[in-house]
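Chemist: With the hints as extra help, turn the sequences into a complete structure.
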Amino acid sequence: DVLLVASGGGLVQPGGSLRLSCVASDFNLGLYILTWVRQAPGREPECIAYISPTSRTIYYADSVKGRFTVSRDNAKNSLYLQMDSLRVDDTAAYYCARDDFWGQGTLVTVSS
Amino acid sequence: VVTQSPVTLSLSPGERVTLSCRTSHSVGTYLAWYQQQAGQGPRVLIYDTSSKATGIPARFSGGGSGTDFTLTISSLDPEDSAIYYCQQRGSWPYTFGQGTKLEIK
Numbered sequence: 001d002v003l004l005v006a007s008g009g010g011l012v013q014p015g016g017s018l019r020l021s022c023v024a025s026d027f028n029l030g031l032y033i034l035t036w037v038r039q040a041p042g043r044e045p046e047c048i049a050y051i052s053p054t055s056r057t058i059y060y061a062d063s064v065k066g067r068f069t070v071s072r073d074n075a076k077n078s079l080y081l082q083m084d085s086l087r088v089d090d091t092a093a094y095y096c097a098r099d100d101f102w103g104q105g106t107l108v109t110v111s112s
Numbered sequence: 001v002v003t004q005s006p007v008t009l010s011l012s013p014g015e016r017v018t019l020s021c022r023t024s025h026s027v028g029t030y031l032a033w034y035q036q037q038a039g040q041g042p043r044v045l046i047y048d049t050s051s052k053a054t055g056i057p058a059r060f061s062g063g064g065s066g067t068d069f070t071l072t073i074s075s076l077d078p079e080d081s082a083i084y085y086c087q088q089r090g091s092w093p094y095t096f097g098q099g100t101k102l103e104i105k
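Chains as they are written, first to last, in our numbering: chain E, 1 to 112; chain S, 1 to 105.
Keep in mind that the hints were calculated from the coordinates and are not lab data.
Heads up, none of these hints are tricks.
Here are some chain E residues the structure puts well away from chain S; computed CB gaps all over 10 Å:
no.	residue
1	13
2	15
3	54
4	69
5	82
A short, non-exhaustive set of chain E residues, derived as facing chain S with CB atoms under 8 Å:
no.	residue
6	44
7	45
8	59
9	61
10	95
11	99
12	100
13	102
Even for Gly, the Cβ is constructed at its ideal location relative to N, Cα and C.
Modeler: Encoded structure:
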């Protein structure tokens with residue numbers, strides 16, 4: 001089955017860091033534009049990062065620019081999100097996504 | 001800005017429904033629809049206005065172009081009770097509408 005499995009979420013204090021990973025199964029992740037999307041409780045989703053197949057084009061939402069870094073390793077069929085200087089309002093479920101399919105998400109909680 | 005209507009609606013099984021999504025600028029056909037059932041993550045229903053994602057039932061269809069888009073469910077099933085979001089992918093940042101909450105009586 002085609003899968004995107006995200007991991008790396010957890011509880012972190014404000015100002016801390018986390019690195020999310022997303023591994024693809026049963027398809028070549030290197031062929032696709034990928035995004036990270038997050039959804040805070042009770043809110044609509046928010047696209048926070050975009051990366052092209054060769055990593056040549058990268059975009060960030062203003063809400064995470066300068067704090068988050070998206071990367072990919074196509075040889076490992078993997079996508080990453082390095083999250084630094086985390087804030088309470090970064091608390092959300094984080095999903096890796098391609099145009100027609102999302103992974104199952106990993107929960108990030110930022111709290112003291 | 002992406003605006004969805006209506007905000008909520010309550011319909012009976014077997015009825016036909018059309019949800020609306022309007023964007024503040026043209027996005028071509030780069031418009032997607034998602035379904036989010038209670039307690040679950042969003043699921044892609046439709047991408048590129050009318051392309052159905054894998055495993056999506058035939059009763060779901062999408063249409064439109066430019067700034068006005070629709071999601072139609074031809075015959076409602078109780079399992080269609082969910083929040084439906086549209087998302088424009090015409091320009092970054094990709095943005096979502098506020099959602100339409102659909103209740104099946």
